[in-house]
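Please model the entire structure based on the sequences and the hints provided.
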Amino acid sequence: MKKLKHLFLKSFNAVLMAILALLGFANCDRMGLDMYGTPTPEYGVPSVDFIVKGKVINEIDGKAVEGIRISRRFIGTVAMYGTPTLEFNEKSPVYTDKDGNFLTKLSSPFNFSLEFQDVDGVKNGAFKDTTIFVQFDEGKHILNLDVELKPKVKETDE
Amino acid sequence: MNKKPTLRKRIGLELFRRLHKNNVKLHTLNTLFWECTLRCNLSCKHCGSDCHVSAEQPDMPAKDFFRVIDEITPHVNPNKTFIIFTGGEALVRRDLEACGLELYRRGFPWGVVSNGMALTRKRLDSLLAAGMHAITISLDGFEEAHNWMRSSSNSYKNALNAIKMLVPEQEIEWDIVTCVNRKNIAQLTEFRDFLISIGVKSWRIFTIFPVGRAAEYPEFQLSDEDFTTVLNFIRDTRKEGKIHLSYGCEGFLGNYEMEVRDHFYTCRAGVNVGSVLADGAISACPSIRANFNQGNIYEDNFWEVWQNRFQSFRDRNWMKKDECADCNMFRYCEGNGMHLRDENGKLLVCHYKRIV
Ligand code: SF4
Ligand code: SF4
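First to last, the sequence lines map onto chains A and B. Counting in this note's numbering, the first sequence runs from 7 upward without gaps. Counting in this note's numbering, the second sequence runs from -17 upward without gaps.
Hints may be right or wrong, so weigh each one.
[To be verified] Simulated pairs of lysine to any residue, SDA-like, Cα-Cα distance not exceeding 25 Å:
| no. | chain 1 | residue 1 | chain 2 | residue 2 |
| --- | --- | --- | --- | --- |
| 1 | B | 183 | B | 129 |
| 2 | A | 11 | B | 297 |
| 3 | A | 59 | B | 149 |
| 4 | B | 45 | B | 106 |
| 5 | B | 183 | A | 30 |
| 6 | A | 11 | B | 9 |
| 7 | B | 221 | A | 101 |
| 8 | B | 104 | A | 145 |
| 9 | A | 16 | B | 59 |
| 10 | A | 9 | B | 8 |
| 11 | A | 11 | B | 286 |
| 12 | A | 11 | B | 298 |
| 13 | B | 3 | A | 25 |
| 14 | B | 224 | B | 201 |
| 15 | B | 139 | B | 21 |
| 16 | A | 16 | B | 9 |
| 17 | A | 146 | B | 172 |
| 18 | A | 8 | B | 55 |
| 19 | A | 146 | B | 139 |
| 20 | B | -15 | B | -3 |
| 21 | A | 8 | B | 286 |
| 22 | A | 146 | B | 9 |
| 23 | B | 3 | A | 10 |
| 24 | A | 9 | B | 59 |
| 25 | A | 111 | B | 154 |
| 26 | A | 158 | A | 100 |
| 27 | A | 146 | B | 298 |
Read the hints as simulated data drawn from the structure, not as lab findings.
The following block contains the structure:
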């Protein structure tokens, strides 16, 4: 029951935030929408995310690959939701730019994997999906991750 | 600028009010201060943390604080629960890194509020290696103003060194806080340009208020005109976009809402912010008067206190008295921040009424 109430309140807040954003009261990025209403208290410190950034290239010719979708997948215990283990795809994937670069933010250095998917068909080449489990060095908040994708062998070529 | 909120702002304020009410119901703990020491290497004139407990108080053993972490862990999402070491001066604790690394391993992001005095290169490196996420350094203006405020002749030099070390750091979030008072207000523009020139990206301003030691220096309080000048300065600086400047979280600001901060005013104390004070007291922001303490970690389970007490923080109707009683902004302001209520619950300052 309590979980449902929480879910309702959170959804309600998401709607309110969307309307506020429409009215031009969007927060700047550094606070993130889920932090709406949670400003840095006086004497507090700004909060941060864990950042994974890097370049996606074609394994064969080393050329940058544009338009690859990078989704964050969390695997682990989220005590807040009251379930022992949970796996879910986090919202808002990012895409590689024309130089193959990407940057994505995680809320934790643990229990995340990144899925690299070619979602634009043959445009920019066709590549196989790759999943990488993210591992930060202890104490670190930024991870440089360069990824090589295997081209898909077209059926007609076989 | 007329201080009364425009129609568009009113609509925003109404929506935000609803959002805040939902947040009160959710009361998700997402910021936990640990007043890890009351020792300090300075004696600042505006210090707000000295008023309720004696500095003789020994530092809390880390294991006692980690018992609190154990108590909250099953109920929160550690990754979204920010632990902030504050003091006194947090960096005088030698086991800060050990505590920080343990938090990092348990998935809690952590940060430090510091005056920068003890932040040498070696110390910064060891804090970074222990997974520090964020740091806030206080800098109260140029050398004379800062040293006067801090009652120390080398505090400016050390704080500035600390800031310069932080500028190239990619891995952490950091910002500067400045307490604006009558001594430094005239140099605000120059000081801003200086901060931009040394590479500071994020800056927070709060205005001196008559609490703690600052109450002993009435001559440094800002006039209402000064206060309004500060708000205009922040608004203009934000428009320029060369540095991300915000006013601190306190005070409902009428039509200045969303002009000087990234969000509408709200006091999160006891709603999302909790604290463990040096003597074990359970409270919210560390500068809140001791009579609002909700329990003590040596007698109570922190999580039970967080869940079942804090009524006076979550229902602010009791603040609708004295000058707030018939204020038509109470809907949005709810009687100003908890830290601006004295021992008897009386309001110390109304930001809105100070705007001229
Ligand atoms: S009088 Fe009270 S409720 Fe009204 S704006 Fe001032 S502090 Fe807020
Ligand atoms: S008590 Fe004061 S410092 Fe804490 S959240 Fe409220 S207004 Fe901000």
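Here is how each hint holds up against the structure:
1. B:183 with B:129: holds, 23 Å
2. A:11 with B:297: holds, 19 Å
3. A:59 with B:149: holds, 20 Å
4. B:45 with B:106: At roughly 24 Å apart (the allowed maximum being 25 Å), residue 106 of chain B and residue 45 of chain B satisfy the hint.
5. B:183 with A:30: holds, 24 Å
6. A:11 with B:9: holds, 12 Å
7. B:221 with A:101: violated, 30 Å
8. B:104 with A:145: Judged against 25 Å, a Cα distance of about 15 Å means the pair holds.
9. A:16 with B:59: holds, 15 Å
10. A:9 with B:8: With Cα atoms ~10 Å apart, residue 9 of chain A and residue 8 of chain B stay inside 25 Å; holds.
11. A:11 with B:286: Holds, at about 20 Å.
12. A:11 with B:298: holds, 22 Å
13. B:3 with A:25: Holds, at roughly 16 Å.
14. B:224 with B:201: Violated, at roughly 32 Å.
15. B:139 with B:21: Holds, at roughly 21 Å.
16. A:16 with B:9: Holds: residue 16 of chain A and residue 9 of chain B sit about 12 Å apart, inside 25 Å.
17. A:146 with B:172: violated, 36 Å
18. A:8 with B:55: Status holds; Cα separation ~19 Å.
19. A:146 with B:139: violated, 29 Å
20. B:-15 with B:-3: holds, 19 Å
21. A:8 with B:286: holds, 16 Å
22. A:146 with B:9: The hint is violated at about 30 Å.
23. B:3 with A:10: OK: residue 3 of chain B and residue 10 of chain A at ~17 Å, within 25 Å.
24. A:9 with B:59: Measuring from Cα to Cα gives roughly 14 Å; hence the hint holds.
25. A:111 with B:154: The hint holds at about 13 Å.
26. A:158 with A:100: Holds, at about 21 Å.
27. A:146 with B:298: violated, 41 Å
When held up to the earlier numbered hints, the structure conflicts with 7, 14, 17, 19, 22, 27 and fits the remainder.
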